[in-house]
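FYI, the numbering for the sequence shown is 1 to 267, going by my numbering.
Please note: incorrect hints may appear among the correct ones.
As the list claims (entries may be wrong) - Under the rule of at most 25 Å between Cα atoms (straight-line distance), these lysine to any residue pairs were calculated in the SDA-like manner:
hint: 1; residue 1: K74; residue 2: P131
hint: 2; residue 1: K74; residue 2: P134
hint: 3; residue 1: K74; residue 2: A63
hint: 4; residue 1: K74; residue 2: Q25
hint: 5; residue 1: K74; residue 2: A85
hint: 6; residue 1: K74; residue 2: G127
hint: 7; residue 1: K74; residue 2: A150
hint: 8; residue 1: K74; residue 2: R24
hint: 9; residue 1: K74; residue 2: R104
hint: 10; residue 1: K74; residue 2: L89
hint: 11; residue 1: K74; residue 2: A124
Stated by the list, open to error - Pair by pair, the computed Cβ-Cβ distance ranges are:
hint: 12; residue 1: L92; residue 2: P59; range: 32 to 42 Å
hint: 13; residue 1: K74; residue 2: F184; range: 19 to 29 Å
hint: 14; residue 1: R159; residue 2: R24; range: 19 to 29 Å
hint: 15; residue 1: P34; residue 2: P69; range: 12 to 22 Å
Keep in mind that the hints were calculated from the coordinates and are not lab data. None of these values were measured; they are calculated from a predicted model. Even glycine gets a Cβ: it sits at the ideal position worked out from N, Cα and C.
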Amino acid sequence: MAVAGVEGTRRARGVEGAPRVPFRQALAEVWAEPTARRFTIFVFVSMLAYSAQDLILEPFAGAVFAMTPGESTKLSGVQNAGVLAGMILTGLLGGGFREGGRSRLHLWAIGGCLISAMALVGLAFAGGVGPAWPLHANVAVLGFGNGVFAVAAIGSMMRLARDGAASREGTRVGLWGAAQGVAFGLGGLVGTIAVDLGRIVADSAASAYAGVFLGEAALFLVSALLAARVMSGRAELRARAHRVPVRIATPAVAPRGEPLIEGRPTP
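Can you build the whole structure from these sequences, using the hints too?
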């Protein structure tokens with residue numbers, strides 16, 4: 001009976017004796033952490049920009065550049081090759097550049113967002129230029145930026161999961177994964193609807209796609225700013241955690257000017 005009681009208490013208290021709390025309370029505690037909250041918003045916005053072009057790139061190539069389905073499919077292959085190259089480069093070099101012993105993956109995430117934004121701006125202008133635009137190179141750069149961003153964001157996620165209250169790592173990763181999944185599914189829907197609405201308002205298909213690409217570029221720029229804020233906030237929290245209060249010692253004074261021995265007046 002005693003053994004059963006001890007085991008029941010352990011099961012009730014959870015892993016390593018920590019008391020269990022309702023999921024809603026644990027989620028609220030994680031959301032109250034500034035770094036976790038900012039990174040959640042960063043993941044949502046960046047993945048929304050990442051996935052919004054996924055379903056419209058091939059139709060864009062067909063409608064604006066008169067590519068056949070086979071040619072537009074090859075264009076997606078060019079993008080995927082760029083994604084793979086960006087992932088490999090970030091995986092090989094991302095952990096090699098360190099500052100004070102800490103990885104600088106956040107800089108790679110910011111760089112990936114900026115490269116992706118630049119490539120999307122290029123696609124927005126591609127429709128006006130026409131076949132003379134280096135479309136394949138533009139799409140390869142877009143894929144490269146996406147790959148750099150994706151690996152750097154995942155690496156940063158793994159590092160940031162340890163920041164904050166103990167025994168909440170799983171809740172943080174779960175929250176970020178949910179934000180990523182919702183944004184990825186929503187991005188494809190929003191991108192296609194935006195193109196359809198743009199074709200109703202704009203005078204040409206090229207203008208409609210250009211508006212959507214510029215909107216995605218703006219989202220990537222916002223993501224870069226959010227990533228910078230996440231890392232600056234994390235550095236501030238670490239500085240506060242390692243800050244040691246300084247005590248100013250007050251010299252002891254013996255009554256009536258008597259000499260001191262080890263801080264005490266002599267008898």
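Hints and how they fare:
{"no.": "1", "hint": "K74 / P131", "result": "16 Å, holds"}
{"no.": "2", "hint": "K74 / P134", "result": "15 Å, holds"}
{"no.": "3", "hint": "K74 / A63", "result": "16 Å, holds"}
{"no.": "4", "hint": "K74 / Q25", "result": "48 Å, violated"}
{"no.": "5", "hint": "K74 / A85", "result": "17 Å, holds"}
{"no.": "6", "hint": "K74 / G127", "result": "19 Å, holds"}
{"no.": "7", "hint": "K74 / A150", "result": "22 Å, holds"}
{"no.": "8", "hint": "K74 / R24", "result": "46 Å, violated"}
{"no.": "9", "hint": "K74 / R104", "result": "34 Å, violated"}
{"no.": "10", "hint": "K74 / L89", "result": "23 Å, holds"}
{"no.": "11", "hint": "K74 / A124", "result": "20 Å, holds"}
{"no.": "12", "hint": "L92 / P59: 32 to 42 Å", "result": "34 Å, holds"}
{"no.": "13", "hint": "K74 / F184: 19 to 29 Å", "result": "24 Å, holds"}
{"no.": "14", "hint": "R159 / R24: 19 to 29 Å", "result": "26 Å, holds"}
{"no.": "15", "hint": "P34 / P69: 12 to 22 Å", "result": "48 Å, violated"}
The earlier numbered hints that this structure contradicts are 4, 8, 9, 15.
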